[in-house]
Amino acid sequence: MSRNTITHTTVFTLSIAIACSLMVSAAVAWLRPVQERYASIDRDRRVLMAAGLIEAGADASAREVAERFEAIEVRLVDLDTGRYTDAADPREYDYLAAADSETESVEIPRAENTARLGRRAPYMPVYVYRDEGDLERIVLPVYGRGMWSTLKGYLALESDLETVAALSFYEHGETPGIGDFVEQKDWQARWRGKQAYDEQGRPALGIAREPLPADDPARRYKTDAMSGATKTARGVTGLLQYWLGDDGYGPLIERLREEGDAS
Amino acid sequence: MGELTGIFLSAVFVDNLALAFLLGMCTFLAVSKRVSTAVGLGIAVVVVQTITVPINHLIFDNVLRPGALAWLGLPDTDLTHLRLISFIGVIAALIQILEMTLDRFMPALHQALGIFLPLLTVNCAVLGASLFMVEREYGLAQSTAYGAGAGVGWAVAIILFAAIRERLHYSDIPEGLQGLGLAFVVTGLLSLGFAGLSGLAF
Amino acid sequence: MSDGRTLVDPIVDNNPITMQILGICSALAVTRTLFPALVMSAAVIAVLAFSNVAVSLLRRQMPHAVRIIIEVTIIASGVIVVDEFLRAYLPDVSRILSVFVGLIITNCIILGRTETFAMGHGPWQSLLDGIGNGLGYSVVLIAVASARELLGAGTLLGYPLITVSEDGGWYLPNELMLLPPSAFFLIAVIVWWIRVVRPAQREHTVMSAPPSKFQEGD
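Chains P, C and L, in that order, give the protein sequences. Residue 104 in this note's numbering sits at position 104 of the first sequence, and the numbers go up by one each step. Converting from the second sequence to this note's numbering requires adding 263 to each position, the first position being numbered 1. Converting from the third sequence to this note's numbering requires adding 465 to each position, the first position being numbered 1.
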């Protein structure tokens, strides 16, 4: 049969389409579980880095991650009340999916939406590191819009719930060479020791809008301005203000300060 | 400034696909020896981008995204891994249709564009714009503004480049560097120049 | 052409990037450090080999009218499989390569080789051609990435080789190397060098005398 007839063309094309689909689907089906396992190991590793239990950038094996993660308690927080809840499994809870879902998500009041998100999930997982029973560090997942993309990261606070232990971003789609400073270790290290709240208890953590002189009191709360990457920088400040505020982890932090870490 | 205008202008100047992301370089370097051909290709790219990015958005949002097939009773299906092939399918189909339409209704333009139109099927900038649209989670109106801006930005870059290359005919260039070598250098300089626009916020 | 020549030709004499002007986009964007460039090279060689062999095996049955889209389908399937592999076993690099792995589909080298070589040669020859062109591409990528990482950060594959001034050393990193245009300049140097040692590849674009319509003072 000549290869240019319509019959042959149709049969050939269909066969190729089927063969390729089978090949791709087989590969995806085989690899998805591996991807998901790595994704959850990756996430645990990032939390451990934020909590300071693993050196940032260190090459921790899956086993090491699993071992050290035993020191971490994962709880699900009801953002409205600031109380821990058992409404879902904190390890499995997909807050991004919940934020997207029509039924589960919660509206964010416009005035507070400095992170420029759509809606949010009702609960968020938080990671508590305890040393001999006392809360030593708490790691809070944070995310918000940068210039082009959603910046996703972790904010770790010391036991006084004021001082920043670490801020890291693990995912973003900002402009390479300009906005991607958020993923650099040197930049992330600048946040250690900054104060999250000002004297009046308002969220003050962020990136300065203009260069600050060395002795400026604002340096307690702000890191250096980033020239040429203003939108990404504003995104970082916006999301920090949101999650530290009343619609984010504010109620949780207030409750922990008053009542301690029991419930 | 409106959000859509902002997206359009950002795509043209700040996030120029050719000079900031270096996409579509093969065609960029190969088809830029004369300004007239560069203009023809530029127009083709604008048309293709403005149409394919919104269409690809609709397909991604309504068929491929996790949860998109909920109306079919398949809320858990995630077909995002098929986005590459479906986007290319759309681009190839559109370019084929465009070619046939031009041939029928505007034969002079079709003749002038010649081989460049089918060449766009494998232009990384065309596919890249759709992939960025997915990454940045644009809506329909934003996708259209972005597609138009991405196309215009690429066209501006290649026309500028062709104009410079035509003038280089009168320069004294070492033999080994003539042609492709110098083209790379000029593109690098253009890219640096556009990097200076990166602080613009729209 | 002998098997050896098929394999080795595309490395210098017919290099896909510097001679055929193909596959440039990704070459420029993923070369800031060496490791992603190595991964990208491996991915391209894999897809090139697979596509060339697949198209070559099907060449006698391939209907003329649909051959481009069939070739693209085969290439795309190969790329998707490679992309999923990377996401499973090298998730951090996969994030860096992000959009560019998908763009391997439009990497002109692959479509160029399947169309111009695999359609006319047997599977073994096509395999060699695919690997050869992949190697040619990789050589340029690795050269550019090594230069950019070394001069831009003082490291290679993450290991510090030159002590940068930040760490108390003497070298002030060349920050131009961290920007995309540096890849262009480096490739220009590579092209220049190749054309010095291979005069046959030179172009002659400079006119010997200006045409008369350009007057003094214009």
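Be careful, since some hints might not be right.
To be verified - Selected chain P positions facing chain C (Cβ under 10 Å, derived; list incomplete): (1) Val28; (2) Ala97; (3) Trp148; (4) Ser149; (5) Gln241.
It should be emphasised that the hints constitute simulated quantities derived from the structure, not laboratory data. We put the CB at the ideal spot given by N, CA and C, even for glycine.
Verification of the supplied hints:
1. Annotation: interface hint on P/Val28 holds; nearest CB of chain C at approximately 6 Å, less than 10 Å.
2. The beta carbon of P/Ala97 comes within 8 Å of a beta carbon in chain C, closer than 10 Å, and the hint placing it at the interface holds.
3. Contact between P/Trp148 and chain C, as hinted, is supported at the beta carbon level, the nearest pair being about 5 Å apart and thus within 10 Å.
4. At its closest, the beta carbon of P/Ser149 sits 6 Å from a beta carbon of chain C; the interface hint therefore holds under the 10 Å criterion.
5. Residue-level restraint check for P/Gln241 is violated (minimum Cβ-Cβ distance to chain C is 19 Å; threshold 10 Å).
Going through the hint list in order, the structure does not satisfy hint 5, though it satisfies all others.
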